[in-house]
Every structure is written in structure tokens, then in C-alpha cells.
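From first to last, the protein sequence lines are chains U and D.
Residue 127 in my numbering sits at position 127 of the first sequence, and the numbers go up by one each step.
Adding 1000 to a residue's 1-based position in the second sequence gives its number in my numbering.
Wrong hints could be hidden among the right ones.
Said to hold, decoys possible - Cβ pair distances, simulated, as ranges:
1. U:S101 to D:A1107: 13 to 23 angstroms
2. D:L1019 to U:P97: 17 to 27 angstroms
3. U:V77 to D:P1275: 13 to 23 angstroms
4. D:A1136 to U:T138: 17 to 27 angstroms
As the list claims (entries may be wrong) - Here are some chain D residues pointing at chain U (derived, C-beta under 7 angstroms):
5. I1038
6. P1152
7. M1176
8. T1244
9. V1262
Since the hints were derived computationally from the structure, they do not count as laboratory data.
Just so you know, even glycine gets a beta-carbon here, dropped at the ideal spot from N, CA and C.
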Amino acid sequence: MNHSLSFTRLFPIVLWFAGSAVVLFLIAPIIAIVPLSFNAEPFFTYPMPGLSLRWYEEFFSSEVWQLALKNSIIVAVCATLLSTVLGTLAAIGLSRPDCPSRATLTAILISPMIVPVIVSAVGIYYAFAAIGLLNTLTGLVLAHTAIGAPFVVITVTATLASFDHNLMRAASSLGATPFEAVLRIMLPIIAPGVVSGALFAFVTSFDEVVIALFIAGSEERTLPRQMWSGVRETLSPTIAAVATLLILFSTLFLATVQCLQRRAERQKLTRTD
Amino acid sequence: MAITLTDEVVRNAVDTAALTRRLRGLRRKGQMRALLLIAPLMFFLLAIFVLPIGMLLTRSVDNSEVALTLPNTVNALASWDGATVPDEAIYAAFAADLKASPREDVAEVAKRLNYYETGMRSMLLKTARTVRNAEASYKDAFIAIDEQWGTPRYWRILKQAMPELTDFYLLAALDMSRNEAGAIAAVAPENAVHVDVLLRTFAVSASVTLLCLLLGYPLAALIARSQGAVANTLLILVLLPFWTSLLVRTSAWVVLLQSRGVVNSALAWLGLIDPSQPLELIYNRIGVLVAMTHILLPFMVLPIYSVMKSIPPVYLRAASSLGAPPLSAFWRIYLPMSMPGVSAGGLLVFILALGYYITPALVGGPRDQMVSYYIAYYSNQVTNWGMAAALSAILLVAVLILYAVYNRIVGIDRLRIG
């Protein structure tokens, strides 16, 4: 009895230690790389001999990195726009109460999320080679749209699950055309889902490297593609600088998505009240 | 009276029929609307995604290049018994095909034959070059180029390589091949590489899943027990790496683990290791397991956490009030109730790990590369589409089967991200 009592007291402490150690394992590598980007010397060891911004300067003045950044932004923005439009339309169709064979259609629409990315990349490479889309930004945008759209389908379908379709009937009985009803009733309600789907699609494209490895030439290099070469060839602290900027960027994204989810939950609560 | 009643019945019947028709029409219209909304993405994905992968996968059984380049030889060899030395007609047909075909097509056939027997490539190219200027008797001309053309052996290989469909690549992906008699047999041990790679892929994925479970379960339990701001902070600390670029996380591990990296210099500073003999933590299996576990851990923590959150704490209290010691309450109540989360997270991590390419390529050594690496190798470096397609097919089938299991246990619609 005495033994189990001490265990009861010990258990939360052990759990705290174990859990904190795991959190440390998750966060430490990401945190550790940040200060190294300000290292005055091209080494990856602590303590650092001095601080400098030279690696950021190199990133912002290097033509290769700037081209990669530009390409990444162009491709991610275009792919996000395309996949958000296509994905939202498909999600609205899938969520209609009268949608036929929903399970099969959903399975095909989210298949790019399920198929291992290397298989998608080689398949797309093989097909794009035949129609001359290799080494083009267009090809990269199309491929990234395909792998980003399932995220939009999933988030928007999830938001639409709690959507009251009677609202659409009410709108049309009040004289709204179906288009108007979607634009003025449905879209504002599902907006958080659409935006978080778009964010997922953006991050998916912005972070994608396998397809870029296969179908992008040196003129179409994206940021992750350039980082891949950087890590493989000469590991310079410029990588740490780029990584730090990307960590900053993902923190902003995470904050945005959290805000959106909070808002969606609040909305759900007020509706059920 | 009787007449009016019949009248009404008839009218009602007509109305019902009309109504049913109208309803059916409306339903069909509604279905059409749903399909029209889905159509743009569906056609887009069919064109950009499904069709390309389908085209790639057909390459795993496609063998049309030999038959297309050597049509006369195919015809002539059809009636050959495979045991005797062919007659002049077959030599003439082969010579005619070689003379008529462009060099690059012959090169493709030569490459294909070389998969069956090393050396066939240069031999066929040499034969094709010389035969272009040869005249009858072709049999003598062939034997003059290489004495082996005077035996049935080369012809048997040629005949074996002719069908338009082949199981050659799929068998090769499992380290098997057909011998000259056409029976399936294991390839020589020194040529057997693919089964090793498949087993390694499986082993690495299983180890990573286990590590994620060992690390993820206590963390999920901690978050589920915590409340308010603490729980939120912990969740955000799990989500931050999840949102951070894969390349950033992988390069962070390269920076940390390399021989002159952060971990080794910290250990040396603490006096735990000799600075001149740093630990080898990267470009081997350790690096792969550490980095992949780190990257996939959130996929384990989040599903387990969401199941644990729904376990009412009263059950554990009930168990202990009935006299169960804490360990047995955990073992018999909490663990079984959290199993749905464990199986969801475990399956997801395992499935994702199977397809990993970037991380093992950057932090692993040559003996840690998984099947994705070889798919990339066969398509990029040696342009052997048949092998790339066969390995892709195996990986894809494995992943689809596991997703079917996932769908059974968890439901694919619960595949949520973030």
C-alpha cells in the first residue's frame, strides 16, 4: 500500500520529466540552429567566437538564393490560388447532401496525400518529360497544385460538415441565385476552413523538395531545392540563416492557423448556444 | 359515386407518377450540380497525377521496345523450337531488322538484353554495326562476328526478351528472375539487392514507429493531463516542429550531429569524449533514426493526445477506488482506452516513414538508403524505367494496403493535419 502510494505521488513527476525531455528533443534542434546563423566564423560549434550578420547578407545578396526565393514564392502563390479554388469547389460538391458515390470521389481527390511523394515525383517527371513541362515553373505549379489541393478539400469539407444547408434554401427562397447564396452565405461561414486549407497548400508547396528535385532545372530551383544542394555539397552557415528565416516564417503560419481555429471554434459555440 | 372515386384514384396516380418523376429529375439535377463542382479538380488530378502514375506503373510490365524494333525476328522466332541452331531464314530476318532500325532503337534493345545477360549490350551493338554491311549468307556473317550466334543460347535470350509484356522487372524487384527454361528462381546472391532494400525500408520504418511511440506516448499523456495555458503551450511546442520545413529540420540535425557539430563539441567540452575522436552520429543508421523520429513524432503525439483527452478521468479513479494499484489501473484501463490513438498514430507514422527519401539521403550512409532512394536512382541516374516502376508499384501497393487498414480502424476522413 505504502509502495503504491509513493508511486501515485511519483507518477506525475516522472511524467513531467519524460514529457519535458521529449519536448526538448522536439524543440532543441530547431532552437539550436538559430544562434549559429549569427556566428562570425563558418563553424557549427558553441561557444561562438563572435556575432555577425554576414550569413544573412550572403543570403540576401546571393543571386542563386534570391532566384530560389523568388521561384518558391511564385510557385507557392500560384499553386495555392489554383488548389484553393479547385479544392473549395470540390469540397462544396462533396458536401452537398445529394452527392453520389462520395467515398470513392473523396478517395481519388485526396490520393495525392496518400501516394508516397517519390512515386508522384517520378510519375510526374515521366509524364512531363513527354509533354515538355520539365524545367518550367508552369510544370512545378501544376504538380504542387495537385499535391496541395487535398489539404484544401479536407479542411473545407471538415468546416462544411457543420454547415446548415437549410441556410442555402432560405437564401434561395428569399430570391438569391445559387451563386449569390454561395458567395454571400456559404463562403463567409466556411472562410476559416478555406483560409487554413490555403495555408496548408502554401506550406506544402513552399516546403516541397522531391518533385522539385525531379522536374525543376537550375533556373527553376526553389528554396528547399537549393537547401538540399547546400546541405549535400558545402554546408555553410548561410543554410542556418535560411533555416532561421524559415523558422520565423513557420511560427507566423502556426500562429495564424491557431487564431483561425480558435475563431472557428468560437463561431461553432455561439451557433449552438 | 363510384365513377368519381375511380376518377380521383386515377388523378392521384397520375399526380404521384408526375411527382416522382419531378422529384427524380430534381435529384438528378442536384447530383449533376455536385458532380459539376467536383469535376474541375477531378479532371485536373486525373491529368496531372493519376494518369502520370498510371503511365509510370505500366512501365513495370511493358516490354514493347524489342517487339517494335525487331518485328521480323519476332515472327521468324515464333516457330523456332529453342533447342536447335536457327536456320538461315531467322538470321536473315534478324539482319533485316537490324539494318532497318535506327541506331538509338537498337541501343534500347541492347540495353534491355543486357538486363538478361551482362555483355549482351556491347555484343549486340557490335553485331548491328557489322551486319549493316553484311550480305547473305547471314548465318556465316553472324558467326563471324561472334561464335555464340552459332549456338542456340543467344537466340533463347533474344526470344525470352520478346513478349510485349514482361514480369522481368517485378521479379527483379524481388531478386528473382526466370532462367532459360522460363522457371522463376532466385538470382545469384551477389546480384540480390532489392529484397535487402525492401527489408531495410521495413526495418527502419518499424524502428522509427517504435521510437515515436516510446517518446510520443508519455508526451501525449502529459499534454492530456495538463490544463489551460500549460496544455496549450505544450501543444504549440509539438506543432511548431510540425510546421517547420522538413529541410530546416533535417539540416538542423546535420549541423547538430556532424563530427564537428554541436553535440560532439558539447560532449567534448563536458569531457565525456576525446575531442580528436568524435562520436559518429551521422551518415549512419543513428542519424537516420534520430532525424526521422524527430520529424515524424508529431504525427504520433497528436492522434494519441486527441484520444487520451476523451478518456474521462473518473474511470481511473473508479479503478483505484475498487482497489487497483496505479500500475494495473494504467495497464488495464488507461492503456486499452488509449489504443485507438496508438494504432492511428503508429500506422500513420509507419506509412509516412515507408516513403521517406530526403531525410535518409541527407543524414544516412549508403547502407541506410530506403526504397525511395532506389526509385530515384533508377529513374534519374541509370534511366531504367522498368525497375523504377516496379519498385514504385511495390511501395505503392504496400502503402495502399496499410491505408486500407487505417481506413478500417480509424476512418480516412479523420486524416486530419494540424
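So, going through the hints one by one against the coordinates:
1. U:S101 to D:A1107: 13 to 23 angstroms: 47 angstroms, violated
2. D:L1019 to U:P97: 17 to 27 angstroms: 20 angstroms, holds
3. U:V77 to D:P1275: 13 to 23 angstroms: Violated, at about 48 angstroms.
4. D:A1136 to U:T138: 17 to 27 angstroms: Given a distance of about 55 angstroms, which is not inside 17 to 27 angstroms, the answer is violated.
5. I1038: Hint on I1038 (chain D): holds, closest Cβ of chain U at ~4 angstroms, below 7 angstroms.
6. P1152: This hint is violated: P1152 (chain D) lies away from chain U, its Cβ roughly 37 angstroms from the closest one there, beyond 7 angstroms.
7. M1176: 22 angstroms, violated
8. T1244: 5 angstroms, holds
9. V1262: Holds - the Cβ of V1262 (chain D) comes within 7 angstroms of chain U, reaching about 6 angstroms at its closest.
In this structure, the hints that do not hold are numbers 1, 3, 4, 6, 7, in rising order.
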